[in-house]
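Could you put together the complete structure from these sequences and hints?
Spelled out, the chains give:
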Amino acid sequence: MSRQLSSRESIINRRRVLQGIAAAGVAGVAGCLGGNGDEEVDIDAALERNEVDVDEIVEGGRLEFAIPRSSISDYDQAQSTQAEDSVVFEAVYDGLLTTNSDAESYLWMAEEYEADEANDVSATDYEEYMIEVEPAEVEDGIPIFDLDDDTNLVLIQHPDDLPAEDGESIRVITRDEAADAVADGVFGVRVEGRLHEGIEFHNGEELTAENVVRSYDRYVGSDNQGQMFDSFLHAEATDGDDGYEFELYAQDPDAAAFIELPPMIYPSEHFDVPAGELDPRDDEDMVPIGTGPYEVAEFDESQQLLLERTDNYWVEEVGLENIPWYDGPADFPEGPVIDEINIRFVDDSTGRSNALEDGDVDIAYELPSEARNNFHTSDDYVVSATEALGFKFMQFPMDDTDTGGAFAEREVRQAVSALIPRQQIVDLVEQGWGDPAQVPFPSPAADLGTAQEYDEIVEEDWAYNVEPDVEEAEALLEEASIETPVEVVIETNSDDDERVDKMELVVDELNDSGLFEAELETPAELGDWTSELYTDEARTDNAERNAPAVIGLAGTPDTHGFIEAITDPDNYNGCCNFFLAEGVLPDEFVDQLRGCRFGVDVAEDQDARRAAYDEFWPEYADMCANTIVDYSLNTGTTNTDVVGFNVHPQTQIILSYALYNPADEQIIYLDR
Amino acid sequence: MSLQKYILRRVLTSIPVLFGVSVVTFGIMHAAPGDVVSQMVAANPNVPPGESVRLREEFGLNDPIWVQYLDWMQGIFTGDFGEVYSSSRSADTIVMARLPETLLLGAFGWVFAILIAVPGGIYAAVNKDELGDDVSRFAALSGISIPNFWLGLMLMAIFAVQLDLFPTLDPQTGLLSREMLWWLILPGVTIGTAASANMMRIMRTSMAEELNKEYVTAARAKGLPERTVILKHVLRNSLISVTTVAAFLTASLVSGSVVVEVVFAWPGLGRELVEAIQLREINLLMAITLLTGAVVVLANLLADIVYALLDPRIRDEY
Amino acid sequence: MSTERGRIQISGFETGGGEDWESETAQEKQEEYVEPMSLWRRIVSRLARDRLALIGIVVVVLMTVTALVARPISVSGMTVQPFSLAPFDPTATAVGGRHDAPSMTHLMGTNRQGQDMLSRVMVGGRYSISIGLVVTAIAATVGVIYGSISGYFGGWVDSVLMRFLDLVFAFPALVLALILVALFGGGFWPLVGAFALVGWASYARIIRGEILKVKQNEYVLAAKALGARDRSVLFRHIIPNAIAPVVVQATLSIGTVVIGVAALGFLGIGFSPGTPEWGTMLDAERDTLATGAGGAWYWWATIFPGLMIFLFVMSMNMIGDVINDALDTQVDDVGHGGGG
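In order, the protein sequence lines correspond to chains Z, A and W. The first sequence begins at 1 in the numbering used here and counts up by one. The second sequence begins at 1 in the numbering used here and counts up by one. The third sequence begins at 1 in the numbering used here and counts up by one.
Honestly, the hints are just simulated from the structure, not real lab data. All values reported here derive from a predicted model rather than from experimental measurement. Hints may be right or wrong, so weigh each one.
What the hints assert, rightly or not - So the derived list for chain Z, only partly shown, Cβ under 10 Å to chain A, looks like this:
| # | residue |
| --- | --- |
| 1 | Ser-105 |
| 2 | Tyr-106 |
| 3 | Ser-222 |
| 4 | Gly-226 |
| 5 | Glu-277 |
| 6 | Asp-279 |
| 7 | Asn-342 |
| 8 | Phe-345 |
| 9 | Gln-452 |
| 10 | Leu-520 |
| 11 | Ala-524 |
| 12 | Ser-531 |
Built from N, CA and C at the ideal position, the CB exists for glycine as well.
As structure tokens, this is what we get:
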């Protein structure tokens, strides 16, 4: 399960970047005050793991950890949609699974956990279990139901009854009927699991299968409802509520189900707390209680949140030797060693950098790039970096409109993609702290995304070029029926300076080639702009103006996230597919895309899934409906009091991973 | 008209003003493109299409605008300022939690303004048309002209970052602890500068005016020492006009706090306001604008009352 | 009870701070009839005598001219201003290194994109100064008309119009502008619109106060008695006489608007990033305040844009101050200043 990705070296070799822009133009007289110029910043060291010698671990201490927010948005993880909330609460709640630094999944609280059966079902296969329900409201053909039971909701709607109309009932499966369907063997995927015995919540309650099954109730009516219940079908405690065995069912034969299904797991006293109310700032009895290594000790409205190490952490009870995959040193600690974590809310990057410099915080992430370079070159700080899951993509409006419509032709899309100066974007704007995109998914998402090694697949001839290739672009445009220069407008959101800087480089490159007459437009801030983009008018309008749109997203280790959200027509006019409505892309193409995640073979066999992706990638790159610009690096900076810090590719688990993760023998301690 | 009646009347006329504030804020928020749901789903690939429709329904954003307004209004009368959608917390909890920080910042700005403005103004008035007056005039004009966000940035860069004299981070001690007050100095000075400059000019003018009055000449003729004349008689009278003007400065402190809190990452209402606008958290924004509106109206009302107390003729105009 | 206390306090001092607060900016001294021409003459002669004001005028003119001739201006393809004084294209990246210190090539250094700070700062005046002027012109016009109507007609018209004015004043100016621009988008005209919307109210209040006073004047009463129409009385006689404090307010408020525009730019909502507007430039270079471990402070990236705002506003205010003195109007820019 722990395939080593040897991709790093090849990427690292190119990562010797001039700190200045000097290479790009007239070299200014280097000022003595600036101390800048042609210094090279070599970030290899940041990508290497910081190892810990088990014998030198010091127990105790208080860690000051800065998160880039002004406060916790929501203590209730069933309700919270903020990544930074999770950074904190991932240390309070442990999951059924955990991930290592390559974002591969490992068993954690689950002793066993496996997708064991998949069936080829779709919504209509549930027909005989469906009941007729009249929606309380219909908005734009989308029915909104109001069921009597607060923990019940509609999971599946009959496609023939949609779009809904006022006053007409619709055939649906609710959670009640889902149980019947599952009993008859109608389901997409079944995941079977068994919990370790002896896991306790902070309040002393033992974790049993009931906690897994009932925790789903908390998501009904929450802001995360849609996300949770678009794949979840049913959960069952197979040897009784007090037992340890459970089964989770997904609606579709979904290869990603085993990752997507597990909820945050709550103690029984919180089962019936409505979503959003598990917040001690509003009711001091409502303190989050999990099975993780830390408990919430002190809190107030905005300034204070102190986590304290729990005295009954389950790994100590269960024993590391009983974690099935663990083969590390026997004396590795059975839990984190730091006593307290003080969360500091510093939402401005300058403030985090200054606080780190002043010694007010020990760990901070998302620092200004220049400051990060200085920390990196200093002996008093350690910067840890890793390839991460954030990506910037450009989506082309593919409609063949009378005016404009240039991007209806594949060659024109490919020409633009060929001219994107990906390496330069990373070198200049990120100062090397990023990766130019070569394939449509980043290396931490490669586990189930290809059978090849990541550094092999980036050498494929369909891979994106990192240096702009004018000749190729010229050749492509000659094949196209369009006259050059092609007028294009690159659009991106206005509230991200770095993104705007990057697109300026793209526009410069397009213009320099003589093949395009490009302009950059920043219509609005992200939220306002996307709400305009998610309309049919925008799709036509952007096609007429030859205006591809560029935004950034944070993916998950599941490979599919990198193509589905931005390509699948089901997501059209939702995040983040602006232009690719039903019918824009060929049906076979869409079917092939979906087939990489949904299907009995891919759901049951991970190698089948890898093979499906390997077949799809050349098609996807060739279609070029989207092209990826770059992938992010996650970086975290610590002072030298903190020993052993390694940043994780998933921002949400930066803190919990650093504190303790036996999968990589990861642990931090304070040496003051 | 008696003073009580006058005050009552002024209070009653401020109610429609606050009502107007709420209507205007509500109207602007709804006329603008996008809403809280579009902000929530903007770049969140985990929200399936159709989910935004459900969220809007849940937040009541699908109702006609007047229904939404009436709902909101109804809530106000029961003390419910509505929900902050993205965190499912109540808007008034958040406002009340942030308020003390902003009040502290404002109070510091006030004290700083008065401490600088009163002596500065007296000095300028006494030395009218001399060098000292010119210097103070120049200083006052500078104080008014310096952009507070730039002043804040520079103070922070020099004193907190380069010289390391002040912390850059919330010391996490109590609101009135020594560390907290120390941390407060830079933002306090930043927000107080413009206010003090404005007050200094007014102080100078009113002092100079008083100094020309007959009773001053008379007092001087009686042989009272200049010090006594200025401190005992003139100052008291000119302070009255400063007090009233100070009320008007409240509005400027409220505006100033937005920018200064952003610069210094001060955990107050101003920063909350900026966030509320960005996230389209309409209930939070309504609560904050209503509160600032009430403060401004109240400050004006106080100024009027002080004036009315001082000069009964004013009341007759109403 | 409290009435008594109030009376006692003021006994003996007949006019202790006793100005009408609604026209708090105006003194009673302004009551005699002044020829409109003499008003301007007075301003000019006073400005010419005051050293500070002269410096102010020189700076304002210099900055305005610099902004105009920094880069060529063309209107719909026609070049109307061919000069190009700025040493570099202000939007061209990598004309120098990243954060080069000030040198002979780059007098104000370069920013993080290697753009020439001097060129950017020069062009930056175009945004702030023009918005300041346009907003003031629009706000003053609207405000004067509104205030005049209110003051001249009095009665219920006045009451209704003044309550609406109270409403505008209940929003701190910058807060309302912030809400409008953040929600409806930035750019030149949206900014003009937002600041004009919040700016006209002060003029209305001032002119109304003035008119209430002027109205009592004999010549106005005489003109009315002679059967002059409302409009002609208003525009021929009343407004020209009440305009002095408006002129002062206008001079002072250009500075306020410039700071306000820059403040929104600083908050990242006025212009799209990369625009060489002073506040936007400051916002873009805020990160330079974080030096990391022992790194250098690229002070030029934040000092110069801010200094330009300060210089321009300061000069405007010095001029305004002198005009204020010359006209004896005592407008104090209460409620504004410093970005407020």
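I'd like to know which numbered hints this structure contradicts. Please list them from smallest to largest.
1, 2, 9 and 10
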